[in-house]
Amino acid sequence: MRKAQENHYSSMFRFLVVRIMLVSLGPLAAIGGANFLLFYHLNKSLVLEQHANFLRYHKTSVESFLQGLVAEVLSVANNYTLEELVSGGLERMYRMVQERGGLFEDLGIIDSMGNHVQYLGPYDLARKNYRETEWFRKVVEEGVYVSDMFLGFRGVPHFVIAVRRTVGDDFWILRATVNTDYFAKVLDAARLGTTGESFIVNERGLYQVPPRSAGMPLEDSNFPYLDFHPGIKVSEVTMGEKVFLCSSVWISRPKWLLVFKQESEDVFSPLWKASLLGVLLFLVGGLGSVILSVGAAREQVKRVYKADREKEALTQRLLLAGRTAAVGEMSAGLAHEINNPLATIDTLQTLIRDLASTSPISEEDRQEIMDSAAKIGQQVARCKVITQGLLKFSRMVDAPPEEVDLSQLLEELVTITKTRAKVENVALHLEMENLPKIWACAAHLQQIFANLINNALDAVAGREKPLVRVKARRQDDKVIVSVEDNGCGIPPQDIPRIFTPFFTTKPPGKGTGLGLAICHGLVQNMGGEIRVESAVGLGTRFTVLIPIQDARAQNGAKGLEGRNHTSPERVSPGRPVHGELQ
Amino acid sequence: MENSSEPITVLLVDDEVEFATTLAKVLRRRGLEVQVANSSREALRLVSKENFQVVLLDVKMPEKDGLTLFKEVREISPHTSVILMTGHISPEQERSGRSVGAFAYLLKPYPIPDLVELIQKAARRVSVGGHSEKNHERGGT
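Chains A and B, in that order, give the protein sequences.
Anchor point for the first sequence: position 456 equals 456 in the numbering used here, and the numbering is continuous, going up by one each time.
Numbering-wise, the numbering used here comes out as the position in the second sequence, counting from 1, plus 582.
Think of the hints as simulated: they come from the structure by calculation, not from any bench.
There may be inaccurate statements among the hints.
[As the list claims (entries may be wrong)] Below, simulated DSS-like cross-link-like pairs (lysine-lysine); rule was C-alpha separation at most 25 Å, straight line:
id	chain 1	residue 1	chain 2	residue 2
1	A	K437	A	K418
2	A	K384	A	K418
3	A	K465	B	K653
4	A	K422	A	K375
5	B	K631	B	K607
6	A	K375	A	K418
7	B	K607	A	K375
8	A	K311	A	K3
9	B	K631	A	K422
[Said to hold, decoys possible] Covered stretches of chain B, going by a simulated chain A footprint (3 or more residues, C-beta under 8 Å):
id	stretch
10	603 to 611
11	649 to 655
12	687 to 699
[Said to hold, decoys possible] Some chain B residues well away from chain A (every beta-carbon gap over 12 Å; in silico):
id	residue
13	E588
14	P589
15	S630
16	K642
17	P660
Just so we're clear, the structure is a prediction, and the values are computed from it rather than from any experiment.
Ideal Cβ positions, reconstructed from N, Cα and C, are used throughout, including at glycine.
With these hints in hand, go ahead and build the complete structure from the sequences.
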């Protein structure tokens, strides 16, 4: 029983914890989740925008750098004649360039036949003929040409800016090789985060300027998005084992793709850090909520437990009070039933004294004395049966549930009550159909029906042909016991209050007002129902519905506890000890 | 014990057969002339046939309320003193018993010598004829 109660409270506790947590965490999770999504998307778009913007500025700087180089070469070619350049002009210019940091690696003038007119630079290229080279054909065609990176005669990756100067029918070409280190430095000047870096590929995906972390010029970059696109394209690219966020943009001359790449992890790390913080805050909040829920639930369960204990104690007191009252109500009948044999005994003992006082005692008188003594014994036995019944009735207050033979219980009860009924000339009938055994507390059943029958007897007092009828039958999974009388009935306005403790219509000192309240409580305790129908002047019927609980199932569930609780000295019901009372 | 030459005639009405027969024996040994009725019908039959000085009547009889029987006895024999007996007595019952004019209302078990004395008093009251409030009061206590 205690175990079942503990289970009851712990499941109540779990239920409350879950409920309170749902109530507190539900909205928190909803709002938190929504906020998180909003925050995440907003910030992600900001990060991507920042990435693209960075490339946009970078593109401008790279383009202006290249345009600056082209403009410089153009201005030299256009502002100087071939003679001026050959006779020291180019040389002055080359020195100037080297002094300014070596923007151009070398400078050269090539005639229309492809031969070097003049070459200034570290390589031995003065005698080379360029007529068959790609860049030579292009510059002849286009006038100004910026080449892709190529190896050329020097066997080192480089790119050139070439300008054609037409003089009459002939032309010459000014060619400058861009210092790739310098250009790489310009490109590398733009960094972002810890892994942000730029690189340039040509239309075929070959590195023009490789990223500083890996790759060589003219190596295949494996960059997948080489088709032309206007503006900036942002994409995620897997290179090696890492995922990179890449923004790319085409620059006009030469037709190179400028790519700015950064490890996605690096790009989004501030976002992830912020998100992590958010999740952490949510978890802390959740933990707080859990702690509060558990505390609140524990407090609540404690209160319920306390209230239950108080209610139990109160019920116990009510039960005792009710039992005492029931005994009191029965006392009229019992007094009569005991006083009658006592009177007989008293008379018998007087007779014995009378007979014994004569001397000598005749044989006839002696026999009479013996008979009288035997009769005293019979009367004493009669009293004993009554007092034993009373004892039994008052002893079984807190008996545990057990298998109860309701027919037997009702028969015994009616037998006890018949003493009172007989005194008051009330016809008390018991009608039973075959009743199953039920699982209940016998003492409680006794109290319920004793109360109802006593009430019925009270109700018929002073009526003509007083009748109390107890009927019991089975219906489906219930046992229905009704106690009806042809008594005074209950006024309709009192009906709602009859089960309220201390409500009584009996004169002071007669009724406690507890009987029906206790009946109601006890019936509810066993999962049953109690109903009342009454008509003033005609009578009242109380109907008790008790669920038939399978005794075997109950044994399975509570058997052990039941056995532990059943102490051997407890009086078991079912011995027909009241049989002779009638 | 006998205060008059004529024995006092007593009708004892009680459905407790053992009690009635034994009490009758005891009373007879004390010089009273006692007849026993175990039912109301028997009691009424005897009352209408003979003239009893005192009727000892158990209030709780199975088929008829003791007080109703009492009234019927008084109707048949108005000069008979009636002593009511009961196993259980409530204040209301005692009041109603007195109000209908019973000589006394006794709670069983009642000591035999006192009962004999009370019967003698009740019989005397009959012999002088008329009610004696004093006896009536005393009988109730």
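Hint check:
1. A:K437 to A:K418: Judged against 25 Å, a Cα distance of about 24 Å means the pair holds.
2. A:K384 to A:K418: Holds, because 17 Å separates the two Cα atoms, which is no more than 25 Å.
3. A:K465 to B:K653: holds (19 Å)
4. A:K422 to A:K375: holds (23 Å)
5. B:K631 to B:K607: holds (22 Å)
6. A:K375 to A:K418: The given pair, whose Cα atoms are some 24 Å apart, holds under the 25 Å limit.
7. B:K607 to A:K375: OK: K607 (chain B) and K375 (chain A) at ~14 Å, within 25 Å.
8. A:K311 to A:K3: holds (19 Å)
9. B:K631 to A:K422: Answer violated: K631 (chain B) to K422 (chain A) is near 29 Å, above 25 Å.
10. 603 to 611: Holds, because 5 residues of the stretch 603 to 611 of chain B bring their Cβ atoms closer than 8 Å to Cβ atoms of chain A.
11. 649 to 655: Coverage by chain A is violated here, the residue count being 0 at a Cβ distance below 8 Å.
12. 687 to 699: Our answer is that it holds, as 6 residues pass the Cβ test (under 8 Å) against chain A, meeting three.
13. E588: At roughly 22 Å from the nearest Cβ of chain A, E588 (chain B) sits farther out than 12 Å, so the non-interface label holds.
14. P589: Label holds. Min Cβ-Cβ 17 Å, cutoff 12 Å.
15. S630: Holds, since 23 Å exceeds 12 Å.
16. K642: Non-interface label fails for K642 (chain B): nearest chain A Cβ at 5 Å, not farther than 12 Å.
17. P660: holds (26 Å)
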